[in-house]
Amino acid sequence: MSGPMTAQTARRFNLAGGAITLVTVICAVIWAFPIYWGIISSLKPEDEVVRPVIELWPETLTFDHYWFALTETQIGSWYLNSIVTALGVTFITVTTSMFAGYAISQLRFPGRTALWWLILASFMVPTQVLIINHFVLMANMGLLNSWAGIILPQLIHPVIIIVYKQFFDQVPRDFREAAVMDNASEWRILFKVYVPMNWGVTTALSIVTFIWAWNAFLWPFLAVTKTEMMTITVGITQVWDAFGVYYARQLSAAVLAGFPVALAYLLFQRRVTQAITLSAGIKG
Amino acid sequence: MAEITLDTVSKSFGAVKVIDDISLTVAAGEFVVFLGPSGSGKSTLLRMIAGLETIDSGRLEIGGRESQNLAPGQRNVAMVFQNYALYPHMSVRENMAFGLRNIRMAPDEITRRVEEAARILEMDALLDRRPAQLSGGQRQRVAIGRAIVKEPAAFLFDEPLSNLDAALRVRTRVELAELHQRMQSTMIYVTHDQTEAMTMADRIVVLNDCRIEQIGTPMEVYTAPATRFVAGFIGSPAMNFLPVQIEGSAAVLADGARVPLTVAPEGAAELGIRPEAVQVVGPDEAVVTGEARVVEHLGDRTLIYAVLPGGAEIIAQDGGRSTVAPGDAVPLRFDTSQLHLFDAAGRALPAA
Ligand SMILES: Nc1ncnc2c1ncn2[C@@H]1O[C@H](COP(=O)(O)OP(=O)(O)OP(=O)(O)O)[C@@H](O)[C@H]1O
Ligand SMILES: [Mg+2]
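Line by line, the protein sequences give chains A and B.
Last residue of the first sequence? That's 427 in our numbering, and every number before it is there in order.
Last residue of the second sequence? That's 419 in our numbering, and every number before it is there in order.
No lab work stands behind these hints: they were computed from the structure.
Any given hint might turn out to be false.
[Said to hold, decoys possible] Derived contacts from chain B toward chain A, CB cut-off under 8 Å, selection only:
#1 A82
#2 V83
#3 M146
#4 Y154
[Unchecked claim] Which chain B residues stay away from chain A? Per the calculated CB distances, all over 12 Å, these:
#5 A69
#6 L119
#7 A145
#8 V147
#9 E161
#10 D232
#11 G299
#12 P327
#13 T356
#14 E358
#15 Q384
Built from N, CA and C at the ideal position, the CB exists for glycine as well.
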């Protein structure tokens, strides 16, 4: 149909567009509400939080809970532990997966197919199944309550290898051949051609891995018993005292825990989308 | 600048033989074109020289050095790819320097070579652009520049013009020929476009079905095709082929018309004659008279698609102002100095 749009079809498009916008907005509100609720609750005095009415804005605004979380807990160490372990996990996971993905995608060596199947198979095993093994292993190695102990078992992310392999597979063969004719070693082909041509993937995978590692709870919770070695996700469960649970205090600690990730996301959001489109444009 | 010698090289992909015992010498400084239909093994042969495909058996020498087992980078040849394969994240300068940096060449020497190549190709202004910011023709130049900076023993091109539009293709063809004149380096060029082959080559290697059909200068393959395949593949419109019986000193067409020949063995054969050697003449000079079916006026000449009494189809060429119309009887004469005879196996027989 190539004729001019009639007023009627235009109206129908508008209606459909409006409906879609409305649904999206409702979904966004449903998604965002718990976060909003958490943040405003952390700004209310404790007695106001437990009142059985829904108040969308605090009657009395207070930053006491934040002050408490920042001064009366070891949140500084927890931040540090989280940053070190999350960055460690991200860096090691992304680089090793990059190598593995490149090897499986581009190199021909005996056992390559078997290795690939093994990686695919490990993708099917949930980490929870392995967690006892991890615990025993780390305990035997004497790595409980250490950064290494938190990092090592979190390095298993076959999905990142799979994503890298797929992106490397899609690089046209000409580029590899041109680089081979250009006397480039495998290292240089990887670092000077394949990785830069897929920066978008590396950025996106790094951010995703970082967020996973930052948010990890189960393993760090098991691996650490000393308060000063806890990551922030584990640490915030410690914000209680002999008088029981303080919801507002808990929530303020949770907001502090989530803050860096949210910030990272906000900062990199455009880069991530941009980077993904960029690397999609290269393949063609 | 180096000589390249292939000595009985073969290549199979699995059970399929793609290159069958090919021997060939490309002289130093020569521009050789591999010409053949799609799937004839041109790219494979070129890639075997480059080292991108292994050589199953036989010997390859580049500049006197046995090379069939060397890594591609060590063969001292540069390749220009059909899709250029410019690294999209590097500037033009970096694209050209990449291969030199890989062999740890001194930075001043790299700069000198890149600038020299940019000057030769007249693209100094483009050095800091990314490939995405270049037109197709400019990318092509960068791809050639990337080869030039290596100062290789030989250049290998795999259909480098096929992504350009018709006008640019003609221009780049001329530029490539000039480049060859200027650099005097050995070049091997793969194409399935006979115009490219005819215009640029010092010698053409006609490939068909894993084998070399003929090696010769453009005029040799045009005027003295060694096989029926070469005769039919080169020239546009294609050569006419007529089944004939050779009796005494004449080739007898299906309708009994006799075309005089000097020497030829007796028996069945195929007579090949290019359209430009089939002339429209007055009725008394005619060897045979056909009926015009389609008349194409090309301005400078006119092509007449005619049917001979025996049923054979033939294309004749007349002057630009030809008055032949479809349905007319056209008296035809064959230029006997341009006849070709082929035996049942497709090999050329001595004729004329
Ligand atoms: N990697 C491969 N594996 C299997 N067969 C291949 C491979 N590469 C090429 N071939 C086959 O080898 C034959 C020659 O291929 P080649 O690419 O050399 O042809 P070409 O003359 O360059 O054709 P074109 O003009 O279409 O590029 C073809 O039949 C092709 O199918
Ligand atoms: Mg080809």
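Checked hints:
{"no.": "1", "hint": "A82", "in the structure": "violated, 20 Å"}
{"no.": "2", "hint": "V83", "in the structure": "violated, 19 Å"}
{"no.": "3", "hint": "M146", "in the structure": "holds, 5 Å"}
{"no.": "4", "hint": "Y154", "in the structure": "holds, 6 Å"}
{"no.": "5", "hint": "A69", "in the structure": "holds, 16 Å"}
{"no.": "6", "hint": "L119", "in the structure": "violated, 5 Å"}
{"no.": "7", "hint": "A145", "in the structure": "violated, 7 Å"}
{"no.": "8", "hint": "V147", "in the structure": "violated, 9 Å"}
{"no.": "9", "hint": "E161", "in the structure": "violated, 9 Å"}
{"no.": "10", "hint": "D232", "in the structure": "holds, 19 Å"}
{"no.": "11", "hint": "G299", "in the structure": "holds, 33 Å"}
{"no.": "12", "hint": "P327", "in the structure": "holds, 55 Å"}
{"no.": "13", "hint": "T356", "in the structure": "holds, 54 Å"}
{"no.": "14", "hint": "E358", "in the structure": "holds, 47 Å"}
{"no.": "15", "hint": "Q384", "in the structure": "holds, 42 Å"}
Checked against the numbered hints listed earlier, the structure breaks hints 1, 2, 6, 7, 8 and 9; every other hint is satisfied.
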